[in-house]
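*Asks:* Sequence lines, in order, name chains V and X.
Just so you know, my numbering puts 100 at position 100 of the first sequence, and the rest follows in order with no gaps.
Just so you know, my numbering puts 275 at position 275 of the second sequence, and the rest follows in order with no gaps.
Don't read these hints as lab results, they were simulated from the structure.
One or more hints might be untrue.
For chains that are exact copies, the list does not tell them apart, and a pair is met inside one copy or across any two.
As the list claims (entries may be wrong) - Heads up, simulated SDA-like pairs for lysine to any residue below, C-alpha to C-alpha not over 25 Å straight-line:
| hint | residue 1 | residue 2 |
| --- | --- | --- |
| 1 | K167 | P125 |
| 2 | K3 | L193 |
| 3 | K3 | E350 |
| 4 | K3 | P294 |
| 5 | K3 | G346 |
| 6 | K167 | T139 |
| 7 | K308 | P85 |
| 8 | K99 | G346 |
| 9 | K70 | A290 |
| 10 | K70 | Y122 |
| 11 | K3 | Q328 |
| 12 | K318 | H267 |
| 13 | K3 | Q326 |
| 14 | K70 | G47 |
| 15 | K70 | P199 |
| 16 | K70 | R312 |
| 17 | K340 | T152 |
| 18 | K3 | N342 |
Protein chains: 2
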Amino acid sequence: MLKGRILSIQSHVAFGYVGGKAAVFPLQCLGYDVDVVNTVNFSNHTGYGRFGGSRATAAELGNVLENMEKNHLLQPERLLTGYIPGSEALSVVLSLAQKLTENNPEIIYLLDPVLGDSGKLYVSPDVIPIYRAMLPLSTIITPNWFEVEVLTDVQMTDVPSLRRALKILHERYQVPNVVISSIPLKPWLLEGLPSQNRPPAGTDTNTEYLLCIASSATDTTKGPQPSAVHTRHVPWIPGYFSGVGDLFSALVLAHFRSSHGSTPGSHLAHAVSQALGKTHAILKLTDEYATTLPEEDRLPTDEELDQKEPERKTRRMKGRELRLVQGQDIVRTAALQDAKMNPWEGFWEE
Amino acid sequence: MLKGRILSIQSHVAFGYVGGKAAVFPLQCLGYDVDVVNTVNFSNHTGYGRFGGSRATAAELGNVLENMEKNHLLQPERLLTGYIPGSEALSVVLSLAQKLTENNPEIIYLLDPVLGDSGKLYVSPDVIPIYRAMLPLSTIITPNWFEVEVLTDVQMTDVPSLRRALKILHERYQVPNVVISSIPLKPWLLEGLPSQNRPPAGTDTNTEYLLCIASSATDTTKGPQPSAVHTRHVPWIPGYFSGVGDLFSALVLAHFRSSHGSTPGSHLAHAVSQALGKTHAILKLTDEYATTLPEEDRLPTDEELDQKEPERKTRRMKGRELRLVQGQDIVRTAALQDAKMNPWEGFWEE
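Just chain V, same shape as in the assembly (with noise of 0.2 Å):
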């Protein structure tokens, strides 16, 4: 079993599994014990429409943090930052990151800069320039290719795009592991990809694929030197599920080894691989247990129709929640067999 002490800090929901939920029974699972600090308390997920309950105040999240400390209490292994509603709050996890990397170099902190997805931000822009501030605090970001554009103000559009893009994250901003947790396999980068690392010939072409790219640097006297891509593609499952990227950030930091002595990224394409199997395969649970509910339960996502009766997408998103607790020996798993990751050879060489 894994061993250590996680300090996680995200929101909760009452109901379901985002933020928190999805994170910290995992990790619990896996052996870790986690240290939560609530930046929200929420009844349910912002996906349902409707949603009651309060946000952390800085000087709130400030209050327990420093608590914390006062009674030693502070001295966690690995940090987690998901959700953080806010730039003053988030102001306040920058400043903790940067006491808890000072203190202790050698913490894990996995940082998933949750900004928006499929093109739109759901922060507040502000946010951003803060988020830039952590970057160089991390070991491991796990931005999905959203907020990759966002924080380096690369559109990827082909591979050279999507080199400049990693280069950026590396080199100006110092992180020395980055995950896009997932990126649309759209042509440009199918045919960018070496053939090993492309889905198999033959298969169903309508079938769609999220490829998640997993890119490490090694330390050089010049800084983090871009070094080592691995990629893996995943059948996408249709529809709008909640908590997966919160689900597999946790579920990275709780797989990492750190790399010292060994072939470089082969720690964290390990840590990515254990994850990716495990996330895709707790959402292949929550898709087949959706489908055994009446209709009325899995309507399919439609704006317009949920716009006019909103009880459609409540139902929808209550029965498209994690099954977390139902596959939990997915998660408890050891090592995952049948998810390797594949290296990009040559990636870097234009």
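Assemble chain X onto chain V, guided by the hints.
*Replies:* Relative to the frame of chain V, chain X by itself:
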């Protein structure tokens, strides 16, 4: 694996294991989906002497619960309530319990009336009448001996007064299942117990014991009548541990099966025996771990010395946080074999 949905309403601490942090993970491990409503968000439990964070106001709690209801997310099969700060917040939970039991008379409600311990009240006295109003809504309550005394106004000093207190809870307050989680095995109690309920003769007489008493009433036309009392003693582990009662209550609820068509009290006795065995095993694990710590982290409880040097207490508290994550296999055990409760034959015969 057990299954169903539990709504848990209790305190949250970032560091350590009390309230929800002691209850939710075990319930999840045992297969329950748990909806988690936090009544406070503190840095650590108050026993450290120093803590920070905030209490949810009655309005905030109400807001979370209302939105869950509007979204049809308030349909738990079981309800678990623990520490709730102040009479206003407690009144919100009383209304909720009324609504849930009205909507679903089959709901299993475990009410832990958190009032105090060892002769000391640690809540404001104005919550007592509200707890009394909640009692008739409960399926099971898990007070310690002091909380029984406060709720019933009976001082338990001999078997007749114990009988009187239980009778008040069953008959006046209509509680079907009462578990006195712990009561010191003083001479009056030891002598009052049938011989098969006593600790084995010839064991070290210096060992102190706590007794757990489970009493079930059966419905009759005259209302619930006390019918079956079971007990079990556990050796007292010296020192102060937090969250033990919260863990115990969660496990009683997790293992409880409704008792249609079986021997009176047998389902309660089964649940309590499992909860007691598992809680004691976790406590032993915690105690064994604490003894491996450097001496300065396990200085004995001494209020005078603690007052002179608050760090003594902080370090001790930290070393005694429940080893729940490390002991999760104990929690997951389907059913402990060696944890039987003994019937107290003739308890009600005066």
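*Asks:* Each hint needs a verdict: does it hold in this structure or not?
*Replies:* Now the hints, each set against the structure:
For a Cα distance limit of 25 Å, the shortest separation of K167 from P125 inside one copy, 23 Å, qualifies, whereas the shortest one across copies, 63 Å, does not. With identical chains, the CA atoms of K3 and L193 are never at most 25 Å apart, being 36 Å at best within one copy and 45 Å at best between copies. Taking the shortest Cα distances, K3 and E350 never come within 25 Å of each other, neither inside one copy (41 Å) nor across copies (55 Å). Within a single copy, K3 and P294 get their C-alpha atoms only as close as 41 Å, which misses the 25 Å cut-off; across copies the closest is 20 Å, which meets it.
Taking the shortest Cα distances, K3 and G346 never come within 25 Å of each other, neither inside one copy (36 Å) nor across copies (50 Å). In the homo-oligomer, the alpha carbons of K167 and T139 lie at most 25 Å apart inside one protomer (16 Å), although the nearest pairing across protomers, at 61 Å, exceeds that limit. Taking identical chains as interchangeable, the C-alpha atoms of K308 and P85 are never at most 25 Å apart, the minima being 29 Å within one chain and 41 Å between chains. Taking CA atoms no more than 25 Å apart as the test, K99 paired with G346 passes in neither setting, with 38 Å inside one copy and 64 Å between copies.
For the homomeric pair K70 and A290, the shortest alpha-carbon distance between copies (21 Å) is at most 25 Å, but the shortest distance inside one copy (46 Å) is not. Proximity of K70 to Y122 under the C-alpha cut-off of 25 Å is restricted to the inter-copy arrangement: shortest distance 24 Å between copies versus 35 Å within a copy. Within a single copy, K3 and Q328 get their C-alpha atoms as close as 17 Å, and across copies as close as 13 Å, so both meet the 25 Å cut-off. Neither within a single protomer nor between protomers do K318 and H267 lie at most 25 Å apart by alpha-carbon distance, with minima of 36 Å and 32 Å respectively.
In this assembly of identical chains, the alpha carbons of K3 and Q326 lie at most 25 Å apart whether taken from the same copy (23 Å) or from different copies (9 Å). In this assembly of identical chains, the alpha carbons of K70 and G47 lie at most 25 Å apart only when taken from different copies (14 Å versus 38 Å within one copy). Neither within a single protomer nor between protomers do K70 and P199 lie at most 25 Å apart by alpha-carbon distance, with minima of 52 Å and 44 Å respectively. When the C-alpha separation of K70 and R312 is checked against a cutoff of 25 Å, the pair qualifies only between copies, where the shortest distance is 13 Å, while the shortest distance within a copy is 48 Å.
In this homomeric assembly, K340 and T152 never come within 25 Å of each other (Cα to Cα): the closest approach is 28 Å inside a single copy and 63 Å across copies. Within a single copy, K3 and N342 get their C-alpha atoms no closer than 28 Å, and across copies no closer than 39 Å, so neither meets the 25 Å cut-off.
The structure does not agree with the numbered hints 2, 3, 5, 7, 8, 12, 15, 17, 18 stated previously, though it agrees with the rest.
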